[in-house]
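Novice: Given the coordinates of chain A, work out where chain B should sit on it, guided by the hints.
Each chain, letter by letter, is given below.
There are 2 protein chains.
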Amino acid sequence: MSESANWDMLVVGGTVLTMEPGSEPIKSGAVAVADGRIAAVGPAEELLELSPSGDVLNAGNSIILPGLVNTHSHLAMTLLRGIADDIPLKEWLEQHIWPVESKYMNRETVRLGTELATAEQLLAGVTTTADMYFFGDEVSAVLAEAGMRGVVAESLIDIPTPRCATPEEMLEKQRKLLETYSSHPLITPSVAAHSPYSVSAANLVKEAELAEEYEVSMQIHLAETTWEVEKLLGEKGVSPVAYLADLGVLSERTVAAHCVHVSSEDIELLAEFEAGVSHNPVSNLKLASGVSPVPAMVAAGVKVGLGTDGAASNNTLDLLRDMQLAALLHKGIVGDPTVLPARTMLEMVTINGARVLGLENIGTLTEGREADLICVAVDGPHTAPMYDPFSHLVFAARSSDVRHVMIRGQVVVRNHELQTMDHERIEAQARELSEIVRSS
Amino acid sequence: MSESANWDMLVVGGTVLTMEPGSEPIKSGAVAVADGRIAAVGPAEELLELSPSGDVLNAGNSIILPGLVNTHSHLAMTLLRGIADDIPLKEWLEQHIWPVESKYMNRETVRLGTELATAEQLLAGVTTTADMYFFGDEVSAVLAEAGMRGVVAESLIDIPTPRCATPEEMLEKQRKLLETYSSHPLITPSVAAHSPYSVSAANLVKEAELAEEYEVSMQIHLAETTWEVEKLLGEKGVSPVAYLADLGVLSERTVAAHCVHVSSEDIELLAEFEAGVSHNPVSNLKLASGVSPVPAMVAAGVKVGLGTDGAASNNTLDLLRDMQLAALLHKGIVGDPTVLPARTMLEMVTINGARVLGLENIGTLTEGREADLICVAVDGPHTAPMYDPFSHLVFAARSSDVRHVMIRGQVVVRNHELQTMDHERIEAQARELSEIVRSS
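If you read the protein sequences in the order shown, they are chains A and B.
308 is the number that this note's numbering gives to position 308 of the first sequence; each next residue is one higher, with no gaps.
322 is the number that this note's numbering gives to position 322 of the second sequence; each next residue is one higher, with no gaps.
Just so you know, these hints were derived from the structure itself, not from any lab.
Each hint can be trusted.
A pair counts as met if it fits within one copy or between any two copies, since identical chains are not told apart.
Below, simulated SDA-like cross-link-like pairs (lysine to any residue); rule was C-alpha separation at most 20 Å, straight line: (1) K27 to S439; (2) K173 to D158; (3) K27 to A428; (4) K27 to I436; (5) K90 to T338; (6) K90 to V334; (7) K236 to V205; (8) K27 to L433; (9) K27 to V437; (10) K90 to V339.
So that you can see chain A by itself, here it is in the shape it has in the complex (with noise of 0.2 Å):
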């Protein structure tokens, strides 16, 4: 613990989980605050005797914990939030997600889609969020902005987007994008290919080299559905996380979201290279994917952090919902109520969430790494009474319980309220938009 006690801020009232590996709750505990960065953890009564006059944040009687990693995300489409519902993929896809895309798509509807994706995000306590999508420059300023973390890519696919007409074009817009946030406090730049079979083996490979260049991560969609398999499969002799391992795309910069599809062989190239995986369980359910093997992964090793996939799919950003949704999943789907327990799960919304990201600046509460913590207030009926802070997180907390959320030293949500965003101008354009895309 520091002695100084030139801290910024105290955060006290509730019990503290650093998700450091192997730490014990800290019952009435408190986090300091110094420079945007943890400048120590331990008992409330101690921290106040040393800084009796600094300022402090009371969280109530709330659990103190890291903020929330959400690894893959394409945050503008909350404006396609319930566009189209209970349909098979190829026609959400073809009939509805794809023409209002590239009909309404462009860098004014990214930006208020991606303010409403970071109003609902920190709301809900995720403090650092992925994105895939078009116009990064964009997403960089509005997360930026908003005080919000995030890991942000401009996405290269073989054909035309909103966005640019060529992968050349998509490219240069990457490098732009790795140039002008390479030393940004909130915004890591990133690369995303969309997927093993929407970009050609030669685009790929460029792609893993620029985000070799560039010491980024590589945002990319895997193993998502059978037909994905099957088409790699028939064409290349290969699954499709086999595929990216020949073409030495495949590191542990990959950031792969959904791995439903994937065999023992793909988890331990999985594990062997040191790849991140994005499970992404409500986005998989709903379009009927499937399940992902997730114990499977965690028990082999592979890195494994929890995303939403976009508001298109889900219907929401509240990661503490999917979390709690997996640990069930799971569970149900081995036919053993002891995999994943609440401990793993909230690992992988934060400490190994940022693994996966390549953040190790983040995902737990430890002296010098970034004050990123979120307030889970368990005070309401459905949180009464507690008896492990861990299992009710997971089971019986929701993303409404978040009173407070700090990022980088900055409290952006306090009792609820954001305290960057004017929320209201934001849903009332959001709801404008979707009367014209209605009536269109």
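Specialist: Relative to chain A, chain B alone:
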């Protein structure tokens, strides 16, 4: 529509879903209430003109729909919320749940646990709850005081309970409850037998006869685990469902909780006897019991409602959340995104839940029915924009969005605040008790 405008209250401010079969959403709709019943449903503009001077409950930007119906629970077990998670069923029951129940569950703690469950459910939009536990008179008293609707049973099991030493005594207590609540406006008494494996054939038959005599429903756990199915097959030579049918116990009065392991023959029996099924997806996943074939049951015409089960195996009584999980789960399990579409899921927690419990006077917003309704706000970032109110409730809304709750014309929750209970006192007492349990 009624021509009289002597209404007690007009609920306005959103889209009304009556949940009547085939009904369309009423945009800018309203619901008029008189003498605890629905007096009229229609466009707000028209109804406001008819009743210019009456009380108005403004739902803001909400969806107004029938109150939710929880078809299976053990209310007092909220006190055991999170007492033991992530462990196998046998260990969970024998080393945690049963010892604590036998030591701590008595009339006073059942009251406290039921109060906690009632506060939690009212705030989450559940207006009718089934209960299957002990001290049904105490449970009924708590629900009636809080203004909540309940279908309450004393449980029968062939071993001593915290309430009774013998099955004969249990049957006597059941009869007394049936007499006491024979014509209560909120409490519908019921009977309950624990399960086909824990109650003798003779007692199952007595229970069914009692249900017939008093014309009430009979709650029972049925086909929850493979262990139960194998036991019945081994001892009786038939499945649990067929066993009840053979005994003459299965009927339209049956409320069969779980039905996880049911064959196509079992499903035919359930349909033929018009038995009701309570699907409990969260409990079934958490205890790794499996996934109930709900799409097949619905296709076969079985009445299916949704239940939370007790908070010890859930760990909340958040029916809206459980509906969301069920909607997602079955798409993924069946491999078809069109199964159990949003409207079907909403019917499960409203009109069909009411039918499962034998309540024909609730479940839809229909003139003459009891005025049980909820207003679910759709003005947060996570619910903007809204394209379809049915899918919005199922895939995007949260129980914390429940703004107002009315039961039998009484506003029991207003602006997220309980009007009929002191939930802080209840939570404090639940916490105190948990400290005693923890240290024992």
